[in-house]
Amino acid sequence: MYKTWIFVPLNFLKFNFLSSGGDYYGTHKWHWYFTQGFTVMVFTFLPFSMAGIFQSKQWKLFGLMAWVLALYSVLGHKEFRFVLPVLPIALMFSGISLASLESLCDLDRKRGSSSHRSKCPSKVQLATVFLLVTNIPMALYMSLVHQRGSEDVMNFLARESLDGRVKSILFLMPCHATPYYSTLHRNLPMRFLDCSPGDKNGIPDESDRFLTDPVGFVSELVKVWSLPSHIVLFESEERQLKEFFTLHSFREMKRFFHAHFKVDRDLQASVVIYTLTD
3 MYKTWIFVPL
13 NFLKFNFLSS
23 GGDYYGTHKW
33 HWYFTQGFTV
43 MVFTFLPFSM
53 AGIFQSKQWK
63 LFGLMAWVLA
73 LYSVLGHKEF
83 RFVLPVLPIA
93 LMFSGISLAS
103 LESLCDLDRK
113 RGSSSHRSKC
123 PSKVQLATVF
133 LLVTNIPMAL
143 YMSLVHQRGS
153 EDVMNFLARE
163 SLDGRVKSIL
173 FLMPCHATPY
183 YSTLHRNLPM
193 RFLDCSPGDK
203 NGIPDESDRF
213 LTDPVGFVSE
223 LVKVWSLPSH
233 IVLFESEERQ
243 LKEFFTLHSF
253 REMKRFFHAH
263 FKVDRDLQAS
273 VVIYTLTD
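Counting with this note's numbering, you get residues 3 to 280 for the letters of the sequence shown.
None of these hints come from the bench; they were simulated from the model.
The structure displayed is predicted, hence computed values, not measured ones.
One or more of the hints may lead you astray.
[Said to hold, decoys possible] No more than 30 Å apart at the CA atoms, straight line, and that leaves these computed lysine-lysine pairs for DSSO-like:
| no. | residue 1 | residue 2 |
| --- | --- | --- |
| 1 | Lys244 | Lys256 |
| 2 | Lys62 | Lys31 |
| 3 | Lys169 | Lys125 |
| 4 | Lys16 | Lys5 |
| 5 | Lys169 | Lys225 |
| 6 | Lys59 | Lys16 |
| 7 | Lys31 | Lys5 |
| 8 | Lys244 | Lys80 |
| 9 | Lys244 | Lys264 |
| 10 | Lys31 | Lys16 |
| 11 | Lys225 | Lys244 |
| 12 | Lys169 | Lys244 |
| 13 | Lys125 | Lys80 |
| 14 | Lys80 | Lys169 |
| 15 | Lys31 | Lys264 |
| 16 | Lys5 | Lys59 |
Work the whole structure out from these sequences, hints included.
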């Protein structure tokens, strides 16, 4: 690939830190991890984590967490998954805070303080209920509902391919938008829009070109690639391509819910499958 010897760690450092290659996939402001990214990950555990930091005085662990967040803040391209390794530390501090609250209640019970006897259990129970009520629904929604269309469409195509009804698939979506072969489990020709960073800055990839001009991009694509039996795309781009699909004998086959709100692009409410008519 490179036609020369490559020292991978040095190449990683050069691409991500020295040349900011990751910026190709989008950037956030330097404070994003502190004001949005990591705070969203900790969610309602945040006040308990902050309290646990001061109660435990485990400054080395806190320093490790702060160092990781600060280091990744230097990079322009930021993602939630980059700082996942320090999430358990934040949750540990939350546990310390809750445990200390329970310890105070136990101490009051031993002293026989009647004024705190009824208040302490309610504080611990209230904190526990608060964390459960805020986190369980969010976990269920983000795991089972939000952006599920990418998984549903591949499961559907996998079932269709068992009967030989799927010959080839074109994904008019940003790269890696679906689980792809890991869910299909069939040796079928498939293609998605490439988003690999180019050697020269400023040259848009296939994904950017498609989002900028869906009709023009697809019109050029069909000149060099035979029509697939199925095309998969988001509803936001489908509206501009309906006439193209009709002209080339494609009809809507199935539509899957994907999301209620937009994340980093236009609202991708549904994932749609178009199939080539006989």
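Hint check:
1. For the suggested pair lysine 244 and lysine 256, the alpha carbons sit about 14 Å apart, so the restraint of at most 30 Å is met.
2. Under the criterion of a C-alpha separation no larger than 30 Å, the hint pairing lysine 62 with lysine 31 is consistent with the structure, at around 27 Å.
3. The hinted pair formed by lysine 169 and lysine 125 fails the criterion: a straight-line CA distance of about 61 Å is larger than 30 Å.
4. The straight-line distance between the Cα atoms of lysine 16 and lysine 5 is roughly 18 Å, inside the 30 Å bound, and the hint therefore holds.
5. Taken as a hint, the lysine 169 and lysine 225 pair is honoured in the structure, with Cα atoms around 19 Å apart against an allowance of 30 Å.
6. Note on lysine 59 and lysine 16: the hinted pairing is violated, with a Cα-Cα distance of about 37 Å set against a maximum of 30 Å.
7. The suggested pairing of lysine 31 with lysine 5 is violated, with an alpha-carbon distance near 36 Å, which exceeds 30 Å.
8. Taken as a hint, the lysine 244 and lysine 80 pair is broken in the structure, with Cα atoms around 35 Å apart against an allowance of 30 Å.
9. In summary, the hint linking lysine 244 to lysine 264 is supported, as the alpha carbons are separated by about 22 Å, within the 30 Å threshold.
10. Distance check on the hinted pair: lysine 31 and lysine 16 sit about 21 Å apart at the alpha-carbon level, within 30 Å; holds.
11. Our distance criterion of 30 Å between C-alpha atoms is met by lysine 225 and lysine 244, whose separation comes to about 18 Å.
12. This hinted pair checks out: lysine 169 and lysine 244 have alpha carbons roughly 22 Å apart, not beyond 30 Å.
13. Straight-line distance between C-alpha atoms of lysine 125 and lysine 80 comes to about 37 Å, which puts the hinted pair past the 30 Å bound.
14. Distance check on the hinted pair: lysine 80 and lysine 169 sit about 38 Å apart at the alpha-carbon level, beyond 30 Å; violated.
15. For the proposed pair lysine 31 and lysine 264, the alpha carbon gap of about 19 Å is at most 30 Å, so the pair holds.
16. Between lysine 5 and lysine 59 the alpha-carbon distance is near 52 Å, which puts this suggested pair outside the 30 Å criterion.
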